[in-house]
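J.: Sequence order for the protein chains is A and B. Using the working numbering, the first residue of the first sequence is number 3, and each one after it goes up by one. Using the working numbering, the first residue of the second sequence is number 3, and each one after it goes up by one.
Hints are supplied without guarantee of correctness; some may be wrong.
[Stated by the list, open to error] For lysine-lysine, the following BS3-like pairs were computed, each having C-alpha atoms within a straight-line distance of at most 30 Å: (1) K80/A - K44/B; (2) K80/A - K44/A; (3) K70/B - K85/A; (4) K70/B - K59/A; (5) K44/B - K3/B; (6) K59/A - K3/B; (7) K44/A - K44/B.
Quick caveat, the hints were computed from the structure, so don't treat them as lab data.
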Amino acid sequence: EPEVTQTPSHQVTQMGQEVILRCVPISNHLYFYWYRQILGQKVEFLVSFYNNEISEKSEIFDDQFSVERPDGSNFTLKIRSTKLEDSAMYFCASYVWTGELFFGEGSRLTVL
Amino acid sequence: KQEVTQIPAALSVPEGENLVLNCSFTDSAIYNLQWFRQDPGKGLTSLLLIQSSQREQTSGRLNASLDKSSGRSTLYIAASQPGDSATYLCAVEGSARQLTFGSGTQLTVLP
Numbered sequence: 003e004p005e006v007t008q009t010p011s012h013q014v015t016q017m018g019q020e021v022i023l024r025c026v027p028i029s030n031h032l033y034f035y036w037y038r039q040i041l042g043q044k045v046e047f048l049v050s051f052y053n054n055e056i057s058e059k060s061e062i063f064d065d066q067f068s069v070e071r072p073d074g075s076n077f078t079l080k081i082r083s084t085k086l087e088d089s090a091m092y093f094c095a096s097y098v099w100t101g102e103l104f105f106g107e108g109s110r111l112t113v114l
Numbered sequence: 003k004q005e006v007t008q009i010p011a012a013l014s015v016p017e018g019e020n021l022v023l024n025c026s027f028t029d030s031a032i033y034n035l036q037w038f039r040q041d042p043g044k045g046l047t048s049l050l051l052i053q054s055s056q057r058e059q060t061s062g063r064l065n066a067s068l069d070k071s072s073g074r075s076t077l078y079i080a081a082s083q084p085g086d087s088a089t090y091l092c093a094v095e096g097s098a099r100q101l102t103f104g105s106g107t108q109l110t111v112l113p
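Next comes chain A alone, as it looks inside the complex (with noise of 0.2 Å):
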């Protein structure tokens, strides 16, 4: 069965540095998403993309994230000065049209 896969799986990094989480969508899902979950907290919308575009961002998705697809496959999040606040799951989600969404396991950040 087809599935969305994310790497890395942990992520260890220390304030301020730039991370990028990476995700392969399901082939030939149109729409992607990036969500994340702070630990016992509900899982967050942060971007969606379509057509090599955003289409909508939430007020978390701030000028420190970008998002990113460069090759047919891939498609990437990127945190480029990260802080404590951002350690959290971060989970990719991609679906066709039937608005069915298909999440990965998730790339879990913790920031020191």
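Using the hints, position chain B against chain A.
T.: Positioned in the frame of chain A, the structure of chain B alone reads:
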């Protein structure tokens, strides 16, 4: 702003029981509602998707209903098993095509 609430926050039942998880949302202008399962430290697995025009969806022992006008959904799990132990999340998709999640119900099924 859409708010999604799930009750109860936690539930512990003996194996074999039928159970109901509740989800409510404040803005009835939704495209769909999706139920997910999340195991500790893992990703979200889609269980059921109900389009706004539908009233319910079934998959195996799971049945989800949607009452859009009252802003409610229920997830019914029949004949629960220890393997059903997980956190169940409800999420609604609104006009901005993004999901708003509830806090989840943590289910423990005791053998």
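J.: Hint by hint, note whether the structure agrees.
T.: Now the hints, each set against the structure:
1. K80/A - K44/B: Holds, because 21 Å separates the two Cα atoms, which is no more than 30 Å.
2. K80/A - K44/A: Given pair K80/A, K44/A holds - Cα atoms ~21 Å apart, limit 30 Å.
3. K70/B - K85/A: violated (39 Å)
4. K70/B - K59/A: Given pair K70/B, K59/A holds - Cα atoms ~26 Å apart, limit 30 Å.
5. K44/B - K3/B: Status holds; Cα separation ~28 Å.
6. K59/A - K3/B: holds (15 Å)
7. K44/A - K44/B: holds (14 Å)
Against the hints set out earlier in the document, a violation occurs for number 3 only.
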